[in-house]
Amino acid sequence: MEDKLDHLTFETIEICLLAGKIMLQSGAETSRVEDTMTRMATSLGLPRSHSYVTPTGIIFSTDGAEPAKLIRITERTTDLSKVAEVNNVSRALTSGAITMPEARLRLREIEQDKHTYPIWFQIVAAAISSGCFLIMFRGGWYDFIPAVLCGGLGLASVIYFQRIVAVKFFAEFSASFLLGLLAFLFVKLGIGYEVDKIIIGSVMPIVPGLLITNAVRDLMSGHLVSGISKGAEAFLTAFAIGTGIALVFILL
Amino acid sequence: MIAQLITSFIASAAFSVIFNAPRRSLPQCGLVGMVSWAVYILLNGSYSTVLATFAATFVVGATSIVFARLYKTPVIIFSVSGMIPLVPGGMAYDAMRHFVENDYNVALQLAAQAFFISGAIAIGLVLAEVLNQMLRKVGSRI
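The listed protein sequences correspond, in order, to chains G and L. Each residue of the first sequence is one higher than the last, beginning at 46 in the numbering used here. Each residue of the second sequence is one higher than the last, beginning at 18 in the numbering used here.
Take these hints with a grain of salt, some might be off.
[Claimed, not checked] Derived pair list, reagent style DSS-like, types lysine-lysine, alpha-carbon separation capped at 27 angstroms:
#1 G:Lys233 x G:Lys159
#2 L:Lys89 x G:Lys159
#3 G:Lys66 x G:Lys213
#4 G:Lys66 x L:Lys89
#5 L:Lys89 x L:Lys154
#6 G:Lys159 x G:Lys213
[As the list claims (entries may be wrong)] Simulated restraints on C-beta separations:
#7 G:Thr144 x L:Leu87: 24 to 30 angstroms
#8 L:Leu87 x G:Ser140: 16 to 22 angstroms
#9 G:Pro92 x L:Asn122: 58 to 64 angstroms
#10 G:Lys233 x L:Lys154: 56 to 62 angstroms
#11 L:Ala129 x G:Val270: 26 to 32 angstroms
#12 L:Val67 x G:Pro92: 25 to 31 angstroms
#13 G:Val210 x L:Val67: 52 to 58 angstroms
#14 L:Ala20 x G:Met145: 48 to 54 angstroms
Because the hints were derived from the structure by calculation, they are not lab data. C-beta: ideal position from N, C-alpha, C; glycine also.
Extracted from the complex, chain G is given alone in its bound form:
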């Protein structure tokens, strides 16, 4: 009997950690991750659990005799639909619509899932949004095509460089450098006219918007450690983009 109970608790902890891990890796806010984990634990019969979430790891303890568990998060991407799906699973589990084995199965599936959109589609989306941003920032329609091309190149090279070097700073730096070079080239060739507007528009897809939002929300909800580290990450990204563009100006 004792053994069986322990086994059950162990599985509960595993499910909660899995849910937390997927959410954190996909770019959810800290408070949402902690909240989801505690809720799931409560509905599975562990009402007094504690979770401590930072951007690089999760510590989860059940307030019982079991040792606290730790999960290390090394890779972080942005995949908001995974956040939404885990949220749905936790909702269904709390309301009793699905059982624990079903929840675990669905979480495993979500973990294995690929991104909702293929990479080429994301690059196309980045390109189109760059063109739209150009118009929103009062650029002329004559610069639309250059902005579209620069924006596509920007995101594509961030993704490519991140595959060959693990340092995110370098990937963003070289992507914005390439993007700036291409924008200058267009203006030199007479295809584009306002180099400032083209660069501003096409840099928008790699601006750390999600990180800034998350950092602020974490700070305001009292998760000071994650808020500050996410803020630092956002600042580093912005700095990388800035230096990449600045280098173009210095060289040309």
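Please arrange chain L on chain G, whose structure you already have, making use of the hints.
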């Protein structure tokens, strides 16, 4: 104006594709972005940029909370794509450019302004959330 509205809708929706938002919430993401941009350009004419950004992000926060309730999806999906156009990227870029050209006076001015705009974005989002929590608490007490 119409071109601005259409482009802001497309830009926000395309942005939520980059963030891998669920397929069925793409139109709502675009709508949040369009509403916020409309508020921003309407106010930016007569008031300061900081105030316009603050009002626009407050609208983003409020509409995202409503959408999150309606569609039972996390708030962050809507608020991120809505606030992206308001990020002072252009101003930060101008500041950087002046720094590189050794024009520190103008650069610092622009950087300070960009900093205040980011602060306004933060306050707008937080205020919407705090108001939501307050309303919920007061509502449950009655």
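- Query: Can you give the numbers of the hints that this structure goes against, from lowest to highest?
  - Reply: Failing hints, ascending: 1, 12 and 13.
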